[in-house]
Amino acid sequence: MKIVVAMRQLADLVEELEVNADGTDIDRDFVKFVSNEWDEAALEEALCHKDDGDAEITVVALDEPDVDQTLYTALAKGADRAVKLTGHDPEGWIRTGDRAAILASWLERDDFDLVLTGVQAADDLDGQLAGVLAERLGVRHAAVVVGFHDADSAVQVEQELGGGTVAVSSLELPAVLGIQAARQTPRYASITRIRQAQQTQTIQEVEISAGGSLGGTVRKISPPKKRGGAEMLEGSASEVAERIAELIRSKGLARS
Amino acid sequence: MAISVLVLSERIAGEHPEATFELLGKGSKLAKQLGGELAVAVAGTDYPVQELGGADVILELAGLEAGAYAAPIWEAGVAAAIAASSPRVVLMSTGTVGLDLGGSLATRFGGQLASYVIDLDVDGEEILATAQLYGGKMLAEVALDSFICFATVIPGSFPADDGRSTGSPRVERIEVGEKPKAVAMAIREPETGGVDITAAPMLVSVGRGIGSSDNLELVQELADALKVPLSASRPVIDSGWLPKPHQVGKSGKKVKPSIYLSFGISGAPEHLEGMRNAEMIIACNTDPGAPIFEVAHFGTTVDLFDLVPELTERFGG
Ligand SMILES: Cc1cc2nc3c(=O)[nH]c(=O)nc-3n(C[C@H](O)[C@H](O)[C@H](O)COP(=O)(O)OP(=O)(O)OC[C@H]3O[C@@H](n4cnc5c(N)ncnc54)[C@H](O)[C@@H]3O)c2cc1C
Ligand SMILES: Nc1ncnc2c1ncn2[C@@H]1O[C@H](COP(=O)(O)O)[C@@H](O)[C@H]1O
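Chains as they are written, first to last, in my numbering: chain F, 1 to 256; chain Z, 1 to 317.
Any given hint could be a false lead.
Said to hold, decoys possible - A few chain Z residues that face chain F, going by a derived Cβ cut-off under 10 Å, partial list only:
hint, residue
1, GLU10
2, ILE12
3, GLY95
4, VAL97
5, ASP100
6, ALA129
7, ASP145
8, CYS149
9, PRO245
10, LEU261
11, MET280
12, ASP303
Stated by the list, open to error - List of simulated lysine-lysine pairs, DSS-like, C-alpha gap at most 27 Å:
hint, chain 1, residue 1, chain 2, residue 2
13, Z, LYS256, F, LYS225
14, F, LYS251, Z, LYS254
15, Z, LYS253, F, LYS251
16, F, LYS226, F, LYS251
17, F, LYS225, Z, LYS29
18, F, LYS225, Z, LYS254
19, Z, LYS256, F, LYS251
20, Z, LYS227, F, LYS251
21, Z, LYS179, F, LYS2
22, Z, LYS254, Z, LYS227
23, F, LYS226, Z, LYS254
24, Z, LYS227, Z, LYS244
25, F, LYS50, Z, LYS181
26, F, LYS220, Z, LYS29
27, Z, LYS227, Z, LYS253
28, F, LYS226, Z, LYS256
If you're looking for bench data, these hints aren't it; they were derived computationally from the structure.
Ideal Cβ placement from N, Cα and C applies to all residues, glycine included.
Isolated chain Z (complex conformation) (with noise of 0.2 Å):
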């Protein structure tokens, strides 16, 4: 039978990202529908082979070394693999990996791309895919057409369990011909120490819409008043106005709070990726229109500088 799908697992090093389940997992459905089999790409011969049961065919990418990552090195990996295989679909997340790769491939190979997709589908000859668009406020149902599509998904958009599964898939080594003008250097862990808020029950997070860091005080005073860790989106961080351990989401931490608190956050897909699964997500944002009500259980369009210090009022701050 015919490969019909490639999904590329993006492990560096280490466990296969939980992303690579997710894709594994729809990757096996659109094989079904399109009538063959489903591969996965992998980088370097080292990798847990009983966890990619999933897959009907592993494509182990021969000369790509664990622990250290260069783009067009993996580049040329995966687009020897997709060579081999000729797939229609090829899967990807949209981390780092997807976002190096998606475009540079598609280009490469003359095939159709679909970015920041959550939904998939085969429609006759076409795959019909549902992307999220400026920050999460707009869906887009695109058609692709031609004879190999790629798409790059959202981390979450499908169940993980789906993908996880006992089979014995068997294995081919793809020998890498191209000489990438790159060298993989190291991987640099994050220094650890300081605030964990993974750990913490609650969060009080904080967003842009808090304008400046002389305005960061008023979150902090409703933080230290509940007793829990002020947390943050990417600008906020970038910024300099918290340091990087307290940044939720994709490139941040992952957190499962019984309560998140969010103030002045508009929920881009990249921040929901790191909290979506809190038990109770409150959130503030002047703006209805805002994405982070998609996934908020409870929500108010108040203005934050009106809100928090009623909050920290009632908790004894």
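So here's chain F without its partners, still in its complex pose (with noise of 0.2 Å):
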């Protein structure tokens, strides 16, 4: 089976976010940019099913900051393939219709049976990655995918629902799936094998022109205002658990 890895390039959360100049998107210039959290997850099931002995596995990424360690890392778990698409501003915010415009551009023109990529993605303003793509391509798709396996010219798909209830559902290939979680935590590649991605292979860059705005004019970005919000307990450890404790026995919750 042939599996596309979608992955990107995202904001880590962990760090302070900032609100840019004209006020419409972050301050990209101080930020830490790592991959996307459940696109590690769709590279991981994708590993997997790579280690049970059916898919190649190519990943594909727009151009963004940091990228070429996301798609090195990948090759040096394993990933037969990366590509790396061009021909748009890198720095910038790319919206969903466009990544999704740039994606189907390229893969029109490769061969997959699977394309994986994360349920979601932490700006998706204009909506999540599958949907949009597999709609370009004219395939199947689903969302929140938590497995899958291959039955010849069709994919079993378990998507959960909420509540750890699953459905169970059939798709004719080629589809896209939006993974949620992998079967195991993604797996770790050492600093060494890296390297050696870096040193033997090679990102493969293809230009593409293409665009499809989905989103509407975002008027305004900004931190959200505390509603109310938590007050804040101060002071030492010892002086904050005190609080807590008494917060807690005044519930009646405790006693000692």
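Two chains, two frames, some hints: make the complex.
Written as structure tokens, this is what we have:
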């Protein structure tokens, strides 16, 4: 089975995010970019299928800050081929519609059975990639996928609905799946393996010119105004613990 | 009168989900502002009709069997409903069905889409959406001006009571001509048994901030001292550190304890969906900008590794 894993870079949510000068995007100048965590799950699930002996994996990403690191890491983990799509502004906010148009334009020339991507990315203002991409390609899709297996010309997909309930369906290939979780925690690639990949493998670059806005006009971006918000408990760990202990006792939930 | 707002009920089996009523309540206000009717699309023909009194019209998606689900089949059904009713606004939730269909239908109909929406309004010719980005760390105000607009709304954004009213909507049957290349096979319910975190008066809840499974012992000791169960955010469950019945959130359990003590949880919208109604939320997170502090009643930025042992000690652990 030919699996394409579409990966992307995203501002690290652990860092403090600031708004840019015109107030319509985050300030990207000092942001640390990391690979989208759900894309990592998609890659891991693809690698598990390869370990089981039936997958050839291409990772593809749009040019974005530090994307080479993500692509080489994927190669080090066992992906067979890495492709970087260029021809857009790599520094800006690439909206889902444009991302899907660029990927679709490339995928139309490539051969694939399945495209895997993360179920979501934290800046998906105009929708999640899987459905948009599938519609552009005219193929089947499913989101919130927690497992799939190959069944001849179809793929049997498990989608999580809520509270642990799972819907099982069969989709004729090709298809695009938004992966929620892999069967195991994403594997680790050592620095040595990544260096080795950098020295022995190449990232194929393909220039694409395509676009397809789906989003409206962003008037403003801002951190949420504290609506009441939490009363912050100040002091040492011991002082804060004492306050919390009082709160717990005040609800009659513990004695000592 | 023309239909101006279409709400999708994401009911696959059983009851209409809570989110349907939240969307009906908001949808009804938007429909008034837009001067048209409110329609609700439902799968199949065997559904509780009387609960949908908040809508003016029910669009029955014929051929969508209850009890199983496949995205392409639902997409064909909802697309037929949209084609038949030409709404200005289509509302879904950010549940699995909405995540499946929001982007694909917007693309199919050439409309604009706003995702992770928490508020909606009409401003002249535009639909204004407020959306959460970056796990709740940012809010975006987006103006949609396409002839058909789509929004996927985070559950809990609007009161469900507004959408629960009695009425007698007329029923229209939507035939689905398209034959999607997919089969809806089964719905698998989770195994029952083990801990029931929804019944506990207090929960000690732990997130990715705990770092590794080895550290879990630390919070387990606190939970034991308090004689309450340990619950967790999704990454802790996905890593296999705790079993699935311990998960709080969108794809886990909805909990409402008297006290929810959270350690190292950022407060992503999908987590908040499961615990925002707890009576008292006390959150520990070293990041003062963590969205969990938006819903918490009390918060601290003390490191959980310093705080948890201090707490355990106070409860005789
Ligand atoms: C369809 C769908 C369904 C989902 N369902 C769920 C669900 O049911 N439940 C759920 O939880 N998530 C769910 N998610 C995932 C959700 O989007 C988030 O990824 C998840 O909630 C993040 O978990 P977290 O807060 O533990 O981790 P993170 O977001 O990584 O946060 C860890 C936090 O720990 C803090 N921290 C780090 N070290 C310390 C320390 N020493 N002391 C104190 N604080 C520290 C950090 O500041 C950070 O804020 C779902 C996502 C999707 C797409
Ligand atoms: N037991 C179930 N059977 C069928 N559908 C379900 C079940 N539980 C949840 N769902 C659906 O799953 C979707 C997502 O649920 P939630 O993530 O809790 O908002 C909703 O549309 C629910 O209708």
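Checklist entry - Any of the earlier hints contradicted here, and which numbers? => result none
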